[in-house]
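Undergrad: Counting from 1, one number per residue, gives the positions in the sequence shown under full-length UniProt numbering.
The reader is advised that the hints may include incorrect statements.
Within a straight-line C-alpha distance of at most 30 Å, the following computed BS3-like cross-link-like pairs (lysine-lysine) qualify [to be verified]: (1) LYS104 x LYS156; (2) LYS156 x LYS87; (3) LYS79 x LYS161; (4) LYS11 x LYS87; (5) LYS79 x LYS11; (6) LYS130 x LYS82; (7) LYS161 x LYS104; (8) LYS83 x LYS156; (9) LYS104 x LYS87; (10) LYS161 x LYS11; (11) LYS156 x LYS130; (12) LYS83 x LYS130; (13) LYS79 x LYS130; (14) LYS104 x LYS11; (15) LYS79 x LYS156; (16) LYS156 x LYS82.
Keep in mind that the hints were calculated from the coordinates and are not lab data.
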Amino acid sequence: MRIGHGFDVHKFGGDNPLIICGVHISESHGLLAHSDGDIALHATIDALLGAAALGDIGTHFSDNNPAFKGSNSRMLLRKIWKKISDKDYHLGNLDITLIAQFPKITPYIHQMRLNVSQDLNCHITNINIKATTTEQLGFIGRGEGIACEAVTLLLKAYNNKIVDKLI
Numbered sequence: 001m002r003i004g005h006g007f008d009v010h011k012f013g014g015d016n017p018l019i020i021c022g023v024h025i026s027e028s029h030g031l032l033a034h035s036d037g038d039i040a041l042h043a044t045i046d047a048l049l050g051a052a053a054l055g056d057i058g059t060h061f062s063d064n065n066p067a068f069k070g071s072n073s074r075m076l077l078r079k080i081w082k083k084i085s086d087k088d089y090h091l092g093n094l095d096i097t098l099i100a101q102f103p104k105i106t107p108y109i110h111q112m113r114l115n116v117s118q119d120l121n122c123h124i125t126n127i128n129i130k131a132t133t134t135e136q137l138g139f140i141g142r143g144e145g146i147a148c149e150a151v152t153l154l155l156k157a158y159n160n161k162i163v164d165k166l167i
């Protein structure tokens, strides 16, 4: 078993729509970002890469590289998952926490879970997504941006058998 943690934060602004886990949440509250700004998938990618000891999102998709400008984060997630699953890792679970004062995320959670489960080729029950606020404290509470944390558990397979011990 290998555990990974990811974190991302973006401030509101720009002309992009707000996209979280591939779901369009708002046309008017986009996040400033080099890619599509999908904060949850960025944190997820970092968690997966951390668990597999493969660096971080910037190592694989540098924001200094114009080739990744406006990139679809679901495509980035699928590329990373292919690298990881090719090393015989399987997803144990993924837990995502979105931290935002607004907009309300709860109505979109089922579709978010479905999108992520499709991208990671797993059952939707392996994916949990929840949202919280900062009770109007700090930059998030003032409505200046959104943060996200993701934690994942990877399981290693040997000879097509998953081994559920620390590796």
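Undergrad: Each hint should be assessed against the structure and marked as holding or not.
TA: Okay, the hints, checked on the actual structure:
With a CA separation close to 36 Å, the supplied pair LYS104 and LYS156 exceeds the 30 Å bound. A C-alpha spacing of about 8 Å is found between LYS156 and LYS87, which places the hinted pair at or below 30 Å, so the restraint holds. Between LYS79 and LYS161 the CA atoms are separated by roughly 24 Å; this keeps the pair inside 30 Å, and the hint holds. A hinted pair counts as satisfied when its Cα atoms are at most 30 Å apart, and LYS11 with LYS87 does not qualify at roughly 35 Å.
Simply put, LYS79 and LYS11 have alpha-carbon atoms about 26 Å apart, close enough for the 30 Å limit, and the pair holds. Among the hinted pairs, LYS130 with LYS82 is consistent with the structure: their alpha-carbon atoms are about 25 Å apart, no more than 30 Å. This hinted pair does not check out: LYS161 and LYS104 have alpha carbons roughly 41 Å apart, beyond 30 Å. A threshold of 30 Å between alpha carbons decides the hint, and for LYS83 with LYS156 the separation of about 14 Å falls inside it, so the pair holds.
Proposed proximity of LYS104 and LYS87 is contradicted: the alpha carbons are some 37 Å apart, above 30 Å. Straight-line distance between C-alpha atoms of LYS161 and LYS11 comes to about 43 Å, which puts the hinted pair past the 30 Å bound. For the hint pairing LYS156 with LYS130, the CA-to-CA distance comes to about 27 Å; that is within 30 Å, so the pair holds. This hinted pair checks out: LYS83 and LYS130 have alpha carbons roughly 27 Å apart, not beyond 30 Å.
Of the pairs offered as hints, the one joining LYS79 and LYS130 holds, with about 25 Å between alpha carbons and a cut-off of 30 Å not exceeded. With a CA separation close to 16 Å, the supplied pair LYS104 and LYS11 stays within the 30 Å bound. Distance check on the hinted pair: LYS79 and LYS156 sit about 19 Å apart at the alpha-carbon level, within 30 Å; holds. Annotation: proposed proximity of LYS156 to LYS82 holds, straight-line Cα distance about 14 Å (limit 30 Å).
In summary, the structure is inconsistent with hints 1, 4, 7, 9, 10 from the numbered list given earlier, while agreeing with the others.
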